[in-house]
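Listed here are the chains, written in short residue letters.
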Amino acid sequence: MALKNYRFLTKPLKIIFWFLIFSGSFNLVNLILIAFHQYTAHLLNIYTVIEFFFLSLYYSYLNVKKYRNLMYMAIVIFTILCIVNYLFVQNKIEFNTYTRPVGAIVIIFYSLMYVSQQNNEEQNWGDNMYNWINTGILLYLASSLFMFIFINYLLNAGQHINRILWATHDTILILEYLLFAVGFYKCKTHQTISTY
Amino acid sequence: MQNTPDNIYILVLLGMTGTFLLVVSFIFFSVRNQNRLLKQRQKFQQAQIEHQKELLGAVIESQEAERKRIGQDLHDDVGTTISGLRLLIEMFKPTGGDDKNYQDFTQSTKTIIDKIVKDVRNISHNLSPTTLRYYGLAAAVTEHCTIINQSGKLQIALVNNAEKTLEELPLPTSTALYRVLEELLNNTIKHSGASKANIDFNITDYKLYIDYADNGKGVSADSASVKKGMGMQNIESRLLNINAIYAISPYSGKGFSIKIECPLA
Chain A
0 MALKNYRFLT
10 KPLKIIFWFL
20 IFSGSFNLVN
30 LILIAFHQYT
40 AHLLNIYTVI
50 EFFFLSLYYS
60 YLNVKKYRNL
70 MYMAIVIFTI
80 LCIVNYLFVQ
90 NKIEFNTYTR
100 PVGAIVIIFY
110 SLMYVSQQNN
120 EEQNWGDNMY
130 NWINTGILLY
140 LASSLFMFIF
150 INYLLNAGQH
160 INRILWATHD
170 TILILEYLLF
180 AVGFYKCKTH
190 QTISTY
Chain B
0 MQNTPDNIYI
10 LVLLGMTGTF
20 LLVVSFIFFS
30 VRNQNRLLKQ
40 RQKFQQAQIE
50 HQKELLGAVI
60 ESQEAERKRI
70 GQDLHDDVGT
80 TISGLRLLIE
90 MFKPTGGDDK
100 NYQDFTQSTK
110 TIIDKIVKDV
120 RNISHNLSPT
130 TLRYYGLAAA
140 VTEHCTIINQ
150 SGKLQIALVN
160 NAEKTLEELP
170 LPTSTALYRV
180 LEELLNNTIK
190 HSGASKANID
200 FNITDYKLYI
210 DYADNGKGVS
220 ADSASVKKGM
230 GMQNIESRLL
240 NINAIYAISP
250 YSGKGFSIKI
260 ECPLA
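Going down the list, the protein sequences come from chains A and B. Numbered per numbering that gives the first Met the number 0, the first sequence finishes at 195, counting up by one with no gaps. Numbered per numbering that gives the first Met the number 0, the second sequence finishes at 264, counting up by one with no gaps.
Same shape as in the complex, but just chain A (with noise of 0.2 Å):
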């Protein structure tokens, strides 16, 4: 969808674009590793990192435009964090469940910054694209937050749980990504409605 009315895409879209294929990738190169019998963990640091970087420039645009500095300093500040906690902190074959909460708390944050902001707007909630894409972030980061806090603990469950609580997250990541692709289809009627 996205990639269908890529020049009708806003620069916020566009950089939830270039996230979604940056994720696409990501996944890929971990899939392949894990049939080359890798241990992936250690690469979902690079992930956090890159995948905080995207969203926090996605909502600097969207969020009111004083805070942009501090959302930028928010990057830099949890890139260095992230270092740190590979580095000294969560070194083993483990996952960073350190970082990943407080990354998924920030977006949450700003998610819900921008959900305040857009009250005040006079339009169609369903109209406006950005709102979309919105709820897919929230959702998925709220509904996983548990799961990235407590995945440390499920590397030790057995197979059975492992793939309910898998499914149960692939599950409300599909639904973000339908809500992507809601917000993408959006993105194109209303630049035809605004050429009048």
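Treat the hints as calculated values from the structure; they're not laboratory data. All C-beta atoms in this analysis are idealised placements derived from N, C-alpha and C, irrespective of residue type, glycine included. Hints should not be assumed to be uniformly reliable.
DMTMM-like cross-link-like pairs, simulated, lysine to aspartate or glutamate; straight-line CA separation at most 25 Å [as the list claims (entries may be wrong)]:
| id | chain 1 | residue 1 | chain 2 | residue 2 |
| --- | --- | --- | --- | --- |
| 1 | B | Lys42 | A | Asp126 |
| 2 | B | Lys216 | B | Asp204 |
| 3 | B | Lys38 | A | Asp126 |
| 4 | B | Lys38 | A | Glu120 |
| 5 | A | Lys10 | A | Glu93 |
| 6 | B | Lys114 | B | Glu181 |
| 7 | B | Lys42 | A | Glu120 |
| 8 | B | Lys42 | B | Glu53 |
| 9 | B | Lys38 | A | Glu121 |
| 10 | A | Lys13 | A | Asp169 |
| 11 | B | Lys42 | A | Glu121 |
Pulled a few chain A residues facing chain B out of the computed Cβ check, cut under 7 Å [to be verified]:
| id | residue |
| --- | --- |
| 12 | Leu137 |
| 13 | Ala141 |
| 14 | Phe145 |
Mind docking chain B on chain A? Use the hints.
Just chain B now, kept in the frame of chain A:
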């Protein structure tokens, strides 16, 4: 934590489900709230527009009443007095009434008085067209067009495909449409340099369509002169007041054309 009997995996699953539900309901309430707010604002704006329309209607109504009063006063008082004056001059016969100078004076005075009577009649008719009140829009427009055609300033072709409808139009609507057409014709004569104009009345699906076109130099629909001109503003407010809409054809450098759509129900 490992010592508690609780199953951590179930707790995670419950946490995820709970948060999911919380977020969904949060979004749902936020959407409902925003849309409700939007509806309220739209309602408020609609009420404001209605109020403005009512005010506009009142202004137009009082304007028409005032025109009618002035028209009648001109016709009845000034007209009658001048006619009386003419009669007096005609009856006045001084000694030596056969004097050439006196006869020339009487003749030229009578000619001037006749001109004044005619002008007063035209002005009073323009202010309050009696034809419109008694014979409807079609007759009033025809009469107006005939006067213009006779003056030789413009040749107007009138096509009426909605005869019965025009007769039954309520007076406020027919007055508004008459004033609009009057304004359009006025613009054509004053500014366009056109030699011909067409007025077509048509009716479709309970809507009256009026097509007006001239062969003058035309004007761009979005030009500042059209938007700011008093004439166009008058047209707009009159049409707004009877819930009619209009569309000016795009500027092609040749002629001016406007389509008016007026609901009949």
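Hint check results:
Restraint check: the Cα-Cα separation between lysine 42/B and aspartate 126/A comes to about 19 Å, which is no more than 25 Å; the hinted pair holds. Between the alpha carbons of lysine 216/B and aspartate 204/B the distance comes to roughly 33 Å, so the proposed pair goes past 25 Å and is violated. Proposed proximity of lysine 38/B and aspartate 126/A is supported: the alpha carbons are some 14 Å apart, at most 25 Å. For the given pair, lysine 38/B sits about 12 Å from glutamate 120/A by alpha-carbon distance, which is consistent with the 25 Å threshold.
Distance check on the hinted pair: lysine 10/A and glutamate 93/A sit about 36 Å apart at the alpha-carbon level, beyond 25 Å; violated. Only pairs whose Cα atoms come within 25 Å are accepted, and lysine 114/B paired with glutamate 181/B is accepted, the gap being roughly 23 Å. Using a Cα cut-off of 25 Å, the hinted pair lysine 42/B and glutamate 120/A holds, with the two alpha carbons roughly 16 Å apart. Among the hinted pairs, lysine 42/B with glutamate 53/B is consistent with the structure: their alpha-carbon atoms are about 16 Å apart, no more than 25 Å.
For the hint linking lysine 38/B to glutamate 121/A, the alpha-carbon distance of about 9 Å falls within 25 Å, and the restraint holds. This hinted pair checks out: lysine 13/A and aspartate 169/A have alpha carbons roughly 24 Å apart, not beyond 25 Å. Distance restraint check for lysine 42/B and glutamate 121/A: the Cα-Cα separation of roughly 13 Å lies within the 25 Å cut-off, and the hinted pair is therefore satisfied. Taking 7 Å as the C-beta cut-off, the interface hint given for leucine 137/A holds, the closest approach to chain B being about 6 Å.
This hint holds: alanine 141/A has a C-beta 5 Å from the nearest C-beta of chain B, less than the 7 Å allowed. With a cut of 7 Å, the hint placing phenylalanine 145/A at the interface with chain B holds, because the nearest CB-to-CB distance is about 4 Å.
Hint violations for this structure: numbers 2, 5, all remaining hints satisfied.
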